[in-house]
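Let the sequences and hints guide you as you build the complete structure.
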Amino acid sequence: DQQVKQNSPSLSVQEGRISILNCDYTNSMFDYFLWYKKYPAEGPTFLISISSIKDKNEDGRFTVFLNKSAKHLSLHIVPSQPGDSAVYFCAASGVRDDKIIFGKGTRLHILP
Amino acid sequence: NAGVTQTPKFQVLKTGQSMTLQCAQDMNHNSMYWYRQDPGMGLRLIYYSASEGTTDKGEVPNGYNVSRLNKREFSLRLESAAPSQTSVYFCASSLQLSNEQFFGPGTRLTVL
Chain R
1 DQQVKQNSPS
11 LSVQEGRISI
21 LNCDYTNSMF
31 DYFLWYKKYP
41 AEGPTFLISI
51 SSIKDKNEDG
61 RFTVFLNKSA
71 KHLSLHIVPS
81 QPGDSAVYFC
91 AASGVRDDKI
101 IFGKGTRLHI
111 LP
Chain E
1 NAGVTQTPKF
11 QVLKTGQSMT
21 LQCAQDMNHN
31 SMYWYRQDPG
41 MGLRLIYYSA
51 SEGTTDKGEV
61 PNGYNVSRLN
71 KREFSLRLES
81 AAPSQTSVYF
91 CASSLQLSNE
101 QFFGPGTRLT
111 VL
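Sequences listed follow chains R and E, in order.
Start counting the first sequence at 1; every next residue gets the next number (the working numbering).
Start counting the second sequence at 1; every next residue gets the next number (the working numbering).
Don't read these hints as lab results, they were simulated from the structure.
We treat Cβ as the ideally placed atom computed from N, Cα and C, and that holds for glycine.
Among the clues, some could well be false.
[Claimed, not checked] Pairs of lysine-lysine, BS3-like flavour, derived with a Cα cap of 25 Å:
| # | chain 1 | residue 1 | chain 2 | residue 2 |
| --- | --- | --- | --- | --- |
| 1 | R | Lys-104 | E | Lys-9 |
| 2 | E | Lys-71 | R | Lys-104 |
| 3 | R | Lys-37 | E | Lys-9 |
| 4 | E | Lys-57 | R | Lys-5 |
[To be verified] If you want a taste of the chain E side facing chain R, the calculated C-beta under 10 Å gives, among others:
| # | residue |
| --- | --- |
| 5 | Tyr-33 |
| 6 | Tyr-64 |
| 7 | Phe-90 |
| 8 | Gly-106 |
This is the structure:
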């Protein structure tokens with residue numbers, strides 16, 4: 001039973017436009033959400049996170065939005081750049097002693 | 001500050017051979033993890049160690065064993081390798097279970 005779902009395996013976006021990556025979760029006890037970015041032949045790297053007490057967190061070109069009632073979060077990248085082409089993993093954790101659960105990832109292609 | 005290091009980077013085994021993947025972190029983290037990544041399957045947790053002296057099964061533990069040698073090191077052992085264990089293996093660490101994880105560069109394992 002997948003607790004963290006990324007329903008789009010891949011996404012293509014024109015360079016300079018907005019990329020929106022979506023993630024849904026089923027466990028209402030999750031209270032901390034993260035996005036990771038992974039390039040080929042490298043380990044995933046932490047990108048941005050959001051706590052359930054907020055509905056938006058911004059870091060430069062990256063913004064994460066959280067809709068708790070819909071159990072949905074999204075990552076917005078504006079403007080998209082060629083270096084953003086990577087696999088993006090959504091992740092979530094619950095109470096303090098719970099480990100992080102990862103989604104299956106979405107491959108983002110930024111088109112020139 | 002090397003972060004999370006993994007050895008070896010690449011390995012080819014024959015069916016039935018055994019090997020140990022090594023992982024070390026220098027961030028004084030309490031929790032460590034082993035994942036495997038297969039195409040279309042995302043990151044699947046094999047085993048984790050919440051703190052020194054403890055280990056627990058993850059989503060796909062069959063065919064693997066782990067040892068938390070000390071706070072810095074967490075090794076993954078394949079006793080009798082099978083072709084189904086061909087994968088990329090990532091080690092990760094975090095300050096606590098629910099904190100963001102830092103990943104190593106990965107080990108690409110092929111079992112013939």
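Here is what the structure says about each hint:
1. R/Lys-104 / E/Lys-9: Judged against 25 Å, a Cα distance of about 23 Å means the pair holds.
2. E/Lys-71 / R/Lys-104: violated (29 Å)
3. R/Lys-37 / E/Lys-9: Since the Cα atoms of R/Lys-37 and E/Lys-9 sit roughly 20 Å apart, the hinted pair holds (cutoff 25 Å).
4. E/Lys-57 / R/Lys-5: holds (22 Å)
5. Tyr-33: holds (8 Å)
6. Tyr-64: violated (17 Å)
7. Phe-90: holds (5 Å)
8. Gly-106: holds (5 Å)
Of the numbered hints listed earlier, those contradicted by the structure are 2, 6.
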